[in-house]
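Chains as they are written, first to last, in the working numbering: chain U, 1 to 325; chain H, 1001 to 1245.
Accuracy of the hints is not assured; some may be wrong.
Stated by the list, open to error - Cut-off 30 Å, straight-line C-alpha distance, at most; resulting in silico cross-link-like pairs (DSS-like, lysine-lysine): (1) 288/U with 1016/H; (2) 1224/H with 321/U; (3) 1025/H with 281/U; (4) 1152/H with 312/U; (5) 15/U with 296/U; (6) 16/U with 213/U; (7) 296/U with 1220/H; (8) 1152/H with 15/U; (9) 186/U with 1152/H; (10) 213/U with 312/U; (11) 1167/H with 281/U; (12) 312/U with 1220/H; (13) 1025/H with 296/U; (14) 186/U with 1224/H; (15) 186/U with 1025/H; (16) 1224/H with 213/U; (17) 1243/H with 15/U; (18) 1104/H with 288/U; (19) 281/U with 1224/H; (20) 281/U with 312/U; (21) 1243/H with 321/U; (22) 54/U with 1243/H; (23) 213/U with 1016/H; (24) 196/U with 1243/H; (25) 16/U with 1052/H; (26) 296/U with 1052/H.
As the list claims (entries may be wrong) - Pulled a few chain U residues facing chain H out of the computed Cβ check, cut under 10 Å: (27) 50; (28) 69; (29) 122; (30) 249.
What the hints assert, rightly or not - Stretches of chain U that chain H covers, calculated by requiring three or more beta carbons in the stretch to come under 8 Å of a beta carbon on chain H: (31) 54 to 60; (32) 78 to 90; (33) 113 to 121; (34) 131 to 140; (35) 252 to 266; (36) 291 to 299.
Treat the hints as calculated values from the structure; they're not laboratory data. Since this is a predicted model, take the numbers as computed values, not measurements. All C-beta atoms in this analysis are idealised placements derived from N, C-alpha and C, irrespective of residue type, glycine included.
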Amino acid sequence: MKIIVFAENQEGQFKKSSLEAVSYAAQIAATNNGSVIAVSIGQVSNDKLAELSKYGADQIFNYSQEVFNTFYGETYSKALAHATKNAGAELVIISNTYSGKTIAPRTAAQLGAGIVSGVTSFPNTTNGFNVRRTVFSGKAFADVAINTSIKVLAITPNSFSLIENHKTANIEQMDAGISTDHLASKSIEIARASGKVVLTEAELVVSGGRGMKGPENWHLIESLADILGAATACSKPVSDIHWRPHSEHVGQTGITIKPNLYIAIGISGAIQHLAGVSASKVIVAINKDPEAPFFKAADYGIVGDAFDVLPKIIEAAKSFKSQQA
Amino acid sequence: MKVLVCISQVPDTTTKVGFTDNNTKFNTQGVQFIINPYDELALTRALEITEKQGGTVTVINVGLAETEPSIRKALAIGANDAVRINAEPMDAFFVAEQISNYAKNENFDLILTGRESIDYNGGMMAGLLGEMLQLPSVNVITAIEVENGMAKLERDIDGGRERLEVKLPMVGSAQKELTEPRIPNMRGIMAARTKPLTVVEPIGAQANTQTTSFENPPAKGACKLIDPANAADLIGLLHNEAKVI
């Protein structure tokens, strides 16, 4: 089976989620004598492109025309569909990031392919083609069968490990023959917070709720996050009262995340919040209320006042990090 | 200005999710259904735009008669009219085929929906509709203003924000910050009873995917409690025992 993987770059660097997708595809290919074609769209140096072969890409399709200097769902999906047809591939793997969510359905529609997003398992092909995905914002899993000959999977970031699998891949310069003449969209400005860990892709997350009492106390959350190299998050009430930006709200009506470690401070653990974080590998709950529902969903708990407990943890994290260095 | 807002009906966010029929069906017993919260934001923003510069807002839903209370609520919030495609929504592709088939001859300037439904979380509708109708699609919109046939937008991107301009017509999906939901008033509720709700039979479209079974996540083991006086021990446990730092 030939497998196409979208290897998204950000300013010429491949994202971890892209390498996870290549690694995921290589593991599928290993089970069925298949091959992996990683598709890079935009400007990426040859050295960086070679990084894709480190995680198991057998071939690299490089779409580097000027039209791809800015990300648009319309143009990027055309390149990906072009690559799929060109390779005669039957499976397309895309990481379910914001960009991935933009192009995956457009690519699937162009290919007449069945698509499943939020995938958390490898395909099971003993009887048809089945994958597992999260539904109800993490409150449940669903097993989904895909009936079409070409299939598109949008896999959840941070669900699959990076596995090195060195190959020697040819880089092929590709051209999908796309012009900007009829493009209706125009990007005006892109603003990214520099040096901050992106919440949706973070391995470690430190999160605060109303128990933090006010935005002026968030330096405690930020300080612990900085020391650990974690992203910061918050509960719905905290974003609703504008203590923190909406982009940090995790839960059923916010972002669903799947980090290795989720530390919840002053969050009671209502069902809507747990839905967004319960897939985390390890959960720590810190709350002064011993009856807080979060303790039922957590691996480690501290019943205590955040303002007493957090400084101790911050000090311990500091000395842990300095020993590691 | 003609705006179409695609809405779906979902279980209330406080719902404890369970399944029946050998884990093949969602258990609707005792479940309160609501308009998908992101779709409601799309609807509210559509109303704000048309109130400012004139126009109409049509809501569309693919579902059986059981979704009509949610459609009437959308009319009570302020939509001018509604369309229900009378079919069980089989998968995102099937739903998008139904909506695009309806929309293709109606010349909508703007088609909005939520960034995902909070039940199936597919997040594919804007992209599928965009491709099927050959229109630009912009996901996770946090702001939109419409002026002279042009939409000025802001959207979430991985790790940041993008400002962009898109020539109408276009498809967009609503992210949380877009606006605040509107509670229908008594006049709206009364008016909703007589607003047109057209039921349209579906076209013969295929579902490309099929959900075969559901499962709740496994229950967590017991929580290991740490004495607050020894809170510093947490770091050691996370390193040596849990091995996550």
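Outcome of the hint check:
The hinted pair formed by residue 288/U and residue 1016/H meets the criterion: a straight-line CA distance of about 25 Å does not exceed 30 Å. Of the pairs offered as hints, the one joining residue 1224/H and residue 321/U holds, with about 23 Å between alpha carbons and a cut-off of 30 Å not exceeded. For the suggested pair residue 1025/H and residue 281/U, the alpha carbons sit about 28 Å apart, so the restraint of at most 30 Å is met. Distance check on the hinted pair: residue 1152/H and residue 312/U sit about 47 Å apart at the alpha-carbon level, beyond 30 Å; violated.
With a C-alpha separation of about 35 Å, the suggested pairing of residue 15/U with residue 296/U is violated against the 30 Å cut-off. Using a Cα cut-off of 30 Å, the hinted pair residue 16/U and residue 213/U is violated, with the two alpha carbons roughly 35 Å apart. Note on residue 296/U and residue 1220/H: the hinted pairing holds, with a Cα-Cα distance of about 7 Å set against a maximum of 30 Å. Annotation: proposed proximity of residue 1152/H to residue 15/U holds, straight-line Cα distance about 28 Å (limit 30 Å).
With a C-alpha separation of about 10 Å, the suggested pairing of residue 186/U with residue 1152/H holds against the 30 Å cut-off. Our distance criterion of 30 Å between C-alpha atoms is met by residue 213/U and residue 312/U, whose separation comes to about 19 Å. Distance check on the hinted pair: residue 1167/H and residue 281/U sit about 44 Å apart at the alpha-carbon level, beyond 30 Å; violated. Note on residue 312/U and residue 1220/H: the hinted pairing holds, with a Cα-Cα distance of about 27 Å set against a maximum of 30 Å.
Distance restraint check for residue 1025/H and residue 296/U: the Cα-Cα separation of roughly 27 Å lies within the 30 Å cut-off, and the hinted pair is therefore satisfied. A threshold of 30 Å between alpha carbons decides the hint, and for residue 186/U with residue 1224/H the separation of about 52 Å lies outside it, so the pair is violated. Taken as a hint, the residue 186/U and residue 1025/H pair is broken in the structure, with Cα atoms around 43 Å apart against an allowance of 30 Å. For the suggested pair residue 1224/H and residue 213/U, the alpha carbons sit about 26 Å apart, so the restraint of at most 30 Å is met.
At roughly 24 Å between alpha-carbon atoms, residue 1243/H and residue 15/U fall within 30 Å of each other, so this suggested pair holds. Our distance criterion of 30 Å between C-alpha atoms is broken by residue 1104/H and residue 288/U, whose separation comes to about 56 Å. Of the supplied pair hints, the one linking residue 281/U and residue 1224/H holds, its CA atoms being roughly 15 Å apart against a limit of 30 Å. Restraint check for residue 281/U and residue 312/U: satisfied, since their Cα atoms lie roughly 24 Å apart, inside the 30 Å limit.
Restraint check: the Cα-Cα separation between residue 1243/H and residue 321/U comes to about 14 Å, which is no more than 30 Å; the hinted pair holds. At most 30 Å may separate the alpha-carbon atoms for a hinted pair to count; residue 54/U and residue 1243/H meet this at roughly 26 Å. Between residue 213/U and residue 1016/H, the direct Cα distance comes to roughly 29 Å. Compliance with the 30 Å bound is thereby established for this hinted pair. As the CA atoms of residue 196/U and residue 1243/H are separated by approximately 23 Å, the hinted pair is consistent with the 30 Å bound.
Straight-line distance between C-alpha atoms of residue 16/U and residue 1052/H comes to about 44 Å, which puts the hinted pair past the 30 Å bound. Using a Cα cut-off of 30 Å, the hinted pair residue 296/U and residue 1052/H is violated, with the two alpha carbons roughly 49 Å apart. Taken as an interface hint, residue 50/U does not check out: its beta carbon lies about 23 Å from the nearest beta carbon of chain H, beyond 10 Å. Taking 10 Å as the C-beta cut-off, the interface hint given for residue 69/U is violated, the closest approach to chain H being about 14 Å.
Hint status for residue 122/U: violated, given a least beta-carbon distance of 16 Å to chain H, over 10 Å. A cut of 10 Å between beta carbons decides the hint on residue 249/U: the least distance to chain H is about 7 Å, and the hint holds. Coverage of the segment 54 to 60 of chain U by chain H is violated. Counting CB-CB distances below 8 Å, 0 residues qualify, and the rule asks for three or more. Using a Cβ-Cβ cut-off of 8 Å, 0 residues of the segment 78 to 90 of chain U lie near chain H, which falls short of the minimum of three, so the contact claim is violated.
Given a C-beta distance limit of less than 8 Å, the hint that chain H covers the segment 113 to 121 of chain U holds, as 6 residues qualify and 3 suffice. Residues of the segment 131 to 140 of chain U lying with their CB closer than 8 Å to a CB of chain H number 7, which satisfies the three-residue condition for coverage. Judged by the Cβ-Cβ criterion of 8 Å, the segment 252 to 266 of chain U is covered by chain H as claimed, because 6 of its residues qualify and three suffice. For the segment 291 to 299 of chain U, the proposed coverage by chain H is satisfied: 5 residues have a C-beta within less than 8 Å of a C-beta in that chain, meeting the threshold of three.
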